[in-house]
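Novice: Full structure from sequences and hints, please.
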Amino acid sequence: MDVRRLTESDAAEYRELRLRALREHPDAFTSSFEEDQLKPIDWARQRLGHRPEAPHDFVLGAFSGGILVGILGLSVEPRKKVRHIGDVFGMYVAPEHAGRGAGKLLLHSCIARAREAGLEQLRLTVTDGNARARSLYERAGFRLFGLERNAVKLDGRYHDKCHMALKL
Numbered sequence: 194m195d196v197r198r199l200t201e202s203d204a205a206e207y208r209e210l211r212l213r214a215l216r217e218h219p220d221a222f223t224s225s226f227e228e229d230q231l232k233p234i235d236w237a238r239q240r241l242g243h244r245p246e247a248p249h250d251f252v253l254g255a256f257s258g259g260i261l262v263g264i265l266g267l268s269v270e271p272r273k274k275v276r277h278i279g280d281v282f283g284m285y286v287a288p289e290h291a292g293r294g295a296g297k298l299l300l301h302s303c304i305a306r307a308r309e310a311g312l313e314q315l316r317l318t319v320t321d322g323n324a325r326a327r328s329l330y331e332r333a334g335f336r337l338f339g340l341e342r343n344a345v346k347l348d349g350r351y352h353d354k355c356h357m358a359l360k361l
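Numbering-wise, our numbering puts 307 at position 114 of the sequence shown, and it's gapless, one number per residue.
Hints listed in this document are in silico derivations from the structure and should not be mistaken for laboratory results.
Any given hint could be a false lead.
Label pairs and their computed distance ranges (CB to CB) [what the hints assert, rightly or not]:
| id | residue 1 | residue 2 | range |
| --- | --- | --- | --- |
| 1 | H356 | G311 | 20 to 26 Å |
| 2 | E309 | R244 | 14 to 20 Å |
| 3 | K346 | R325 | 21 to 27 Å |
| 4 | L212 | R325 | 18 to 24 Å |
| 5 | S225 | A291 | 20 to 26 Å |
| 6 | G258 | L212 | 19 to 25 Å |
Below 30 Å or equal to it, Euclidean Cα-Cα: the simulated DSBU-like pairs (lysine-lysine) are [stated by the list, open to error]:
| id | residue 1 | residue 2 |
| --- | --- | --- |
| 7 | K297 | K360 |
| 8 | K360 | K274 |
| 9 | K232 | K346 |
| 10 | K360 | K273 |
| 11 | K346 | K297 |
Even glycine gets a Cβ: it sits at the ideal position worked out from N, Cα and C.
Specialist: Pasting the structure below:
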């Protein structure tokens with residue numbers, strides 16, 4: 194298993210795996226498959242490309258046998274008062290590769306890169322009831338700091354989001 198920062202050349206694979214995540218686990222993400230499938234490949238290229246105004250933003254990919262099997266992103270708010278905090282987003286590992294350490298490698302690589310960038314805290318949300326993901330985050334040191342009720346509405350049903358943070 195290899196983890197590296199994704200680049201514009203990974204856009205097609207990234208987009209495909211992201212859409213799979215949104216389709217298979219619609220309650221886990223605030224983005225929707227229906228909306229994101231309409232976004233052009235240039236959207237993915239832009240997200241993966243280096244942007245001077247967002248130097249610490251990135252998306253990591255976990256590869257097994259040269260195939261992209263997992264993704265995780267980090268976004269840093271550019272405003273001065275909050276640029277010490279990074280927001281982890283879009284964590285997904287293809288089910289056929291789950292349990293092989295891809296999620297742990299992605300998360301630990303993200304944490305290491307955040308520390309190298311001088312960030313002081315990471316935040317993320319996880320759907321309440323997703324015990325496997327929450328356990329992974331807790332083992333990495335993230336702690337619950339709040340519960341957002343009715344954070345996501347999907348097919349007339351609400352899903353709560355657990356807010357977690359890790360002090361670096």
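Novice: Confirm or reject each hint.
Specialist: Outcome of the hint check:
1. H356 <-> G311: 20 to 26 Å: Holds, since H356 and G311 (Cβ atoms, about 23 Å apart) stay within the stated range.
2. E309 <-> R244: 14 to 20 Å: Cβ of E309 to Cβ of R244: about 18 Å, so the range 14 to 20 Å holds.
3. K346 <-> R325: 21 to 27 Å: Hint holds: Cβ distance 23 Å, inside 21 to 27 Å.
4. L212 <-> R325: 18 to 24 Å: 21 Å, holds
5. S225 <-> A291: 20 to 26 Å: 23 Å, holds
6. G258 <-> L212: 19 to 25 Å: 21 Å, holds
7. K297 <-> K360: 18 Å, holds
8. K360 <-> K274: 16 Å, holds
9. K232 <-> K346: 21 Å, holds
10. K360 <-> K273: 18 Å, holds
11. K346 <-> K297: 29 Å, holds
Violated hints: none; the structure is consistent with every hint.
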